[in-house]
Every structure is written in structure tokens, then in C-alpha cells.
Amino acid sequence: MERKRGSVSSETEEYPVIWLQCATCTGCSVSVLNSVSPSIKNVLIDEVIPGKHVDLRFHATIMAGTGDLVIERMEETAHKKGGYILVVEGAIPRDGAYGSIGERNGEAVSMASRVESLGKDALAVIALGTCAAFGGIAAAEPNPSGCGGVAELFSSHNIRTPLINIPGCPPHPDWFVGTVASILLKGLPSPEELDEYKRPKAFFGKLINENCPRRAYFDEGKFARKFGEPGCLNELGCKGPVTYADCPLRLWNNGVNWCIGAGSPCIGCVEPGFPDLVSPFYRKLVEIALPTKKEV
Amino acid sequence: MVKEARSWGTLFRGIELILRGRDPRDAQRITQRICGVCPTSHSMASTLCLDSAFGIADKITDNGRLMRNLILGAAHIADHILHFYHLATLDYVDVTKVAQYEGPSTALNSVKEFIQRGELGPFMPRYEGDYRLSDEANQQAVAHYLEALNMRRKAQEMLSIFGGKMPHNCGIMPGGVTEVPMVDKITSFLWRLNELRDFIDNVYIPDVLAVAEAYSDYFEIGAGCRNLLSYGSYDLDGKEADLTKRQRLFRQGTVSADLKLAELDITEITEDVKHSWYADSTSGRRPTEGETKPEAGKDGAYSWIKSPRYKGQVYEVGPLARVMTTYASGNPTVRELVDSTLSRFKAGPEAMFSVLGRHAARALGIKFIADSMPGWLLQLKVGEPAYIDYELPDESTGMGLVDAARGALGHWIEIKEGKIANYQCVVPTTWNASPKDDREQPGPIEQAIMGTRIRDEGNPFEIVRIVRSFDPCLACAVHLVTPKGRSLGEFRVA
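Chain order of the listed sequences is A and B.
Letter by letter, the first sequence follows residues 1 to 296 in the numbering used here.
Letter by letter, the second sequence follows residues 1001 to 1494 in the numbering used here.
Derived by calculation from the structure, the hints in this document are not laboratory data.
The structure presented is a predicted model; accordingly, all values stated were derived computationally and were not measured.
We put the beta carbon where it would ideally sit given N, CA and C, even for glycine.
A couple of the hints might just be wrong.
Among the chain B residues that face chain A by a calculated CB cut under 8 Å, a handful are [what the hints assert, rightly or not]:
#1 1011
#2 1023
#3 1157
#4 1386
#5 1464
If you want a taste of the chain A side facing chain B, the calculated C-beta under 10 Å gives, among others [as the list claims (entries may be wrong)]:
#6 12
#7 59
#8 72
#9 93
#10 97
#11 221
#12 223
#13 227
#14 255
#15 264
#16 265
#17 282
#18 286
With the rest of the complex left out, here is chain A (with noise of 0.2 Å):
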């Protein structure tokens, strides 16, 4: 990474990160907006870690500007072999058709294109949320517009640049700003800090019915039997059973309330079946069997 001079401590380790909007609503970047400790400010302006400074250098919703300015200096930052993470926020269309970053030339570039040529150089990818990760809302059947994960398309690329996967429709901030002050302090994930799905096993190491506030009414056979009832909300829907994710511990939105804090069943937004293999939302969890991904 680039060392430069600050002000506060003698030097200042750059991360320059570039984050590409692709097939996405953009709600994993509202989400880390909603970082508490450090806040979204911590993380862009100030050392997150002592030392260390995250440059966001392009995100297409946050950044004051547009056009070619932005476009050259993304492809500027990403001249430096392994000298940038790159974030991918949203599915990537296999047809460019459906989704383009910029031109050049005057052609649109793809998404596809541009998760390929700045994947392969980057020093990591975080593929950030379900759609990254897996293919997400925008995968579901039919897939109108031909959708995959970054795993996906790095396997038919044979691109084998080191990728963290960390998915949830919205991703919690926590486990974003997490991942991120890891690399920062210790350097990339081992192999055994990551689940089959490339997950870091920190967030996604426990199924949600493990930690479940309500798992004491599920052990009792008590059963909520419409919203709004208490006992487990497992005949309304529940997906927590089968759901790797650290929720009902962390909570969201500040600690406020969660999902399942709300009376609303989970609807197992992590896994890599979302939303096809957990849906119908509000249907009682029969046999689901989500697939195996093949390691890539």
C-alpha cells in the first residue's frame, strides 16, 4: 500500500478501495452507512485502524463527482497491480446489455467487464451483500437479466484473486467494517477463517435458531400463530433454522431491534438460496436442501 505523510502520526498507510455498483438497489451501501462504532465517518475520513486510512476512491452514489472525471480516476487507481481492494456491490449481468459502469471509446463498458479487469489486479474482493456473493434477488428465477456472484464469474475467468464473500440482503454494516479492519490489521483471511461460502466464519458461523431469543418457545413446541403473537415464529415462516448469521447477537440498526425482535419471521437472507430456496417467506420451513457450491 502507499505510504504517505500525515499529519498526526509520521505516516499514513493508504488503502485506496474502488466499490462498483452493479446489479444492486444500493442498500449494502446504505447499510454501511449505518456503521455505529466506528461510524461511516471513521471509516472514510479519519485512521480507522492507527495508521491506517481507507481511500474510498469511487462509489458512484457517494462521490462528488460524475462523468469521465470519475471514470479515469477509478481506471487510474486500478493501474497498480495489487495496490487496491475492490467492493462489489450487486449481481453482474453476463449480458452487457443489461448493465454498463462508464465508457470508453464512446462504448458502454459492462459490469461484467469491469468486475473482470479490476477483480483480476486487485489486491482482494469483497463481494458485499447476497447478490455479490451469491446472485441474490437479482439471480432469482427467472433471472431475467442472466445474473451470477463474483465467485461466478471469477471461476469462468479463471481469476483467482483472494475473494470474502459477505453476504446479507442488506449485509450488516458490523460485518463489512469487521472484514475491512481485519485486512487492515492482520492482512487477509485465512483459508480456515472462512466458511464453504467464503463467509468469514466470525458473522456466519452460527445458524440464527442457536442463538434465537424465541429458541426457548421452538424447544417447547409453543408456536406463534399469527404476527404479533408471541412464541417462534417457525409456522409462520421462520428460516432460522436453517440461516448462518450472528443476528439475533448483534442486532441491527444500532441495537435497536432485528427481525425476529420485531415479530417478523427470518427469511434466511444470507444464504446462497436466497430468495428462491427460502421463499415462500411466510410458508413453514419444509425440507430445504441448499445446494453445495463448489469451492472456487
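For this one, chain A is given, so just place chain B on it according to the hints.
Quick look at chain B alone, frame taken from chain A:
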């Protein structure tokens, strides 16, 4: 001068096609994923649509109706703060002036250090040459930019008290809301709301006025089509099944340059696709019979956005539209808010049709909502259910209308054999960023740009300021052409 402007959406996911064949109740979860900035409005439109399809539109409890209003209000507060400070302010405020800051503010000193380190993403690169605020005003605006980051986060926290989480709430659903209002939640909501109202009154609105004073020529830039349409928003009664007759805080209807309120006839809304990448055979249809048939690369088309029109005419939607329909209806609170603001600039209501008019309407409109919320909160019946059960129909149709933060949002559903047979969404940015229609009339953003004089082609501030005043909610690009046919290039503004 801009002779021609073409605005286009650069992304197609086909959510309407994805919805087909699914359990109708899943629509309100999946449609939220159309836009992660305004998912709450989609959950409202979809839920109202499903309530009507399930025959329970007039049976929702007051608790359910009020909590939905409160969840939506929280979303709109977060959204408008985000838009003004984090998506629009940097076109008017010069962050680099913080380098000259000499004072005690920890926040500003940390920005000063950031500037001294020299890596200024995401604030740079940007256009140069038209930042007009004093150094001190710039520094204060940057401090408010940072404070606003916390405020919009707190508004989302407030939302999740009843909505479960944000983005993509899980509380709103057909039948009501899954949460039960308890005293601790009501109090927690109230005091977050008080803090946000204080910010709106004492920071947000004064900042909009300060920008308006320094950039007052923008009351005359970006007028657009001067036709405004709103579905109204925030139900004040729940006993009327017909959404077009329901009493709402913001008034449903249309307003044009004459500022006369006209009733809305929903059957007059159609969507053209001549210049969109969809099959021509589907053009000119009402949403109830609408079809989404993508045709990438179609001749003469230049956008993934369709062209909604009302009575065949071009209409703008958004905060300006709902504030002006309510203004035209004679609502005394809104009249006072708008008139007292305009009088500071010695301007009449016609000045609202402008870049600054849109920013002012957004700020004043959110004050009107936020000031109404404590009353709704106190009407909640503590501990009583906010949800009613219902039977899923095998065959039915439904319509849900609401004003999202960015404007009129409509959902239409057709259910067959208990599953979604067809689902159509006409979203605010489809109205505002629409391409030309079948009669070659340019869309609202295109019209607002056309004829604009650009002072410096290398730094076309006018264009980004006009487009961002509409607050487009998706990857939206604009292509500009001068009267001599020379291209001024592409601008991705979203």
C-alpha cells in the same frame, strides 16, 4: 446551451418478471429490493396493493395504519437528510476550505487532517469554479454534513423500532405491522424524533436557505415540465377501501403552472416504451394491463426506463409535487411554510418550479411530516395488536398508491391460482427520468436540462445540480448535445 438531453437508466434486473409465480405476500419483501435507498416506500405501496387484493384495505387497525405512517415518516426523514447533505450538498459546498479551519471542533479538525494527508476520495475529483459560500459557511456546512451522517443513521434506527431493521424493513406487511406498540418503544421513538425535528428546524432548513441565498439564480434554472402529480401520502383514515378517496396528510392530485389542484384519474396513467428497450407491442398501456417484455438493443430506444404519462402529458413527481398539491388544496400549514420561505427571496409560488424549489419543497415537506408524527405516536393504543389475519384469495387484483420520498409510487397486482400472475410497478424515477414518449415528448429531467445555458462546458455544474434536484434513485445517466449537434458527453448522476 443544451439543445437536447437524453436521460437513461443503465440497469435492468426485471424484478416484475421475478415476482411472477410467487406467493403474493412475498411481493412486499422482494419489491423493497428495487431500491435500497427507498425500500420502505416500496413496502408501503406493495402492502397497500396486497391489502386491497386481499379485501382488507378498510379493515387495518388504527395501530397498524399509524405504525405504517411512522415507519414511512422515519424513512422519509432519513432519505431527505441523506439526499440534501450527502448526495447534493457537494455541488454547492467546498470541502477543501476546511484546510483553513482554525478552531476547536474535533470533527472539522479531523477533516483538516484528512485533507492534509492528501487522499480526498470520495470528495475528489469534482467540478471546479462555482463554489460561492464564504470559508466560514463552507466549514459550517461540512460540519453539518458530518452531523447529518449521524442524523440519517438515527432516523433509520427510529424506523427499525417498529420496522425491525433498515434497509429493507420486515415490520410492514399486509394485515398491518408485525410489531406491537409498547410504551418503551413509543418513548424511544418519540425522543429520537424530537432530536431529528430539532435538526430539521435548526440545521437542515437553515442550510437549504443559506444555499438558496448564495445560489439564488437556481430559482430560475431547471423548471422542467411544470406539471406535477402526487398520489398523496400518510393515511389519516383507514376506513376507506378506495385509495383514491382516502384522506391523506399530503393531498393526492395534479397541479400545473396555474397552481390549481385537479383530482387524479388513475385510469389516465399509461406507460410508453417507444424509446425504451421493451417490445413496442406493450406501449401505451395502463399499469393494470402492463407487461414487461425486454428487448435489448431495440432500434430508436435508449433507456431501460419506461415513459409513464398522465393524460398523455409529461408529469414530474416528488416532494415538489406533493407539497404543491397540498399547497394548492389550501392546507394552511403548508401554505405558511412555502409562502414564508418564498417571501425571504421576494419570490412567488411560481419560483418553486426550479432546482431550489425542489430542495426547499423537500426540506419543508419533511418538516410537515416530522411535525405530524408525535400526534400519530400518541394515538397508538399501547399493547393492542397492529395486525389482522386474512384469507389468501385464489383470484384477485389490487392497487397500491403512495408517495415515496422521491414521488408517486404505484404497484399493481393480478393474482391467479393463489400466485402472482402479473405485477407492475411505476416508480418515481420512471416518471422523472423517463426517456421520450411515443409522441416524442422528452421526460421531466430531459425537459429541465434542455435550454439550460452551461457557463463552463468543462465543469457543467448546471447539469448535475438540475439532475440531483430530482433525486433520481437509480443508475441514471444523461447525454447532452449542443444546438450545433456537438456532444457534451455523458454524465452519470445518481
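Hints, one by one, checked against the model:
For residue 1011(B), the interface hint holds, the least distance from its beta-carbon to any beta-carbon of chain A being 5 Å, beneath 8 Å. Interface hint status for residue 1023(B): upheld, as the beta-carbon distance to the closest one in chain A is roughly 4 Å, under 8 Å. The criterion of a C-beta within 8 Å of any C-beta in chain A is met by residue 1157(B), whose closest approach is roughly 4 Å, and the hint holds. Taken as an interface hint, residue 1386(B) checks out: its beta carbon lies about 6 Å from the nearest beta carbon of chain A, inside 8 Å.
Against a cut-off of 8 Å between C-beta atoms, the interface hint on residue 1464(B) holds, since the closest Cβ of chain A lies about 6 Å away. Given hint, residue 12(A) at the interface with chain B, holds; its Cβ is 6 Å from that chain's nearest Cβ, closer than 10 Å. Nearest Cβ of chain B to the Cβ of residue 59(A): about 5 Å, under the 10 Å cut. The hint holds. For residue 72(A), the interface hint holds, the least distance from its beta-carbon to any beta-carbon of chain B being 8 Å, beneath 10 Å.
Given hint, residue 93(A) at the interface with chain B, holds; its Cβ is 8 Å from that chain's nearest Cβ, closer than 10 Å. Hint status for residue 97(A) relative to chain B: holds, with the closest Cβ pair at about 4 Å, below 10 Å. At its closest, the beta carbon of residue 221(A) sits 21 Å from a beta carbon of chain B; the interface hint therefore is violated under the 10 Å criterion. For residue 223(A), the interface hint is violated, the least distance from its beta-carbon to any beta-carbon of chain B being 15 Å, above 10 Å.
A hinted interface residue such as residue 227(A) counts as satisfied when its beta carbon comes closer than 10 Å to some beta carbon of chain B; here the least separation is about 4 Å, so the hint holds. Against a cut-off of 10 Å between C-beta atoms, the interface hint on residue 255(A) holds, since the closest Cβ of chain B lies about 9 Å away. The interface hint given for residue 264(A) holds, since its Cβ lies 4 Å from the closest Cβ of chain B, which is under the 10 Å cut-off. Annotation: residue 265(A) was flagged as interfacial toward chain B, and the flag holds, the nearest CB pair being 8 Å apart, inside 10 Å.
Hint status for residue 282(A): holds, given a least beta-carbon distance of 5 Å to chain B, under 10 Å. Taking 10 Å as the C-beta contact cut-off toward chain B, the hint placing residue 286(A) at the interface is violated, the least distance being around 14 Å.
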